[in-house]
Amino acid sequence: MARPTRGMNAARWANRIRLETMPRVCMMLDLKDDPELIAEYKRYHQRVWPEVLQSLRDAGILDMEIYLGGNRLFMILETVEGFSFAEKLKMDAANPKVREWEELMWKYQQALPGTRPGEKWLPTEIVFKL
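Under the working numbering, the first residue of the sequence shown carries the number 62, and numbering increases by one thereafter.
Hints listed in this document are in silico derivations from the structure and should not be mistaken for laboratory results. Be a bit skeptical, because a hint or two may be false.
Stated by the list, open to error - Listed next, the in silico SDA-like pairs over lysine to any residue satisfying Cα-Cα at most 25 Å (straight line):
hint, residue 1, residue 2
1, Lys181, Ala100
2, Lys103, Gly130
3, Lys103, Thr176
Given the structure is predicted, the values throughout are model-derived calculations rather than measurements.
Please work from the sequences and hints to get the whole structure.
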């Protein structure tokens, strides 16, 4: 990768390198199309349980953002090299607080068409990158 260009500070350049070399995962899920349930879901995500946050970090998720458009959620994960959803699911199954959180969240969520049984989030395919 080229060195920072004029006007791009070193911290921004370092962050750009980090994003280009770190595995990124993008996924989608729908919420139930009910304004009250969507508002409640958003409130829960303003105060995610500490055990859930720790489980994300322990699994190798370094950063996570969830965006909402209508009732469609779009999640972006930045993960460590070698991140495994299979390992994350095993860890979740062994963590009672994460299982409780996931069960609670299912009250608000609905799987998209094409999602396999037992899965919530649908992986996306990258079709363009600048």
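Ascending list of hint numbers which this structure does not respect: The structure breaks none of the hints.
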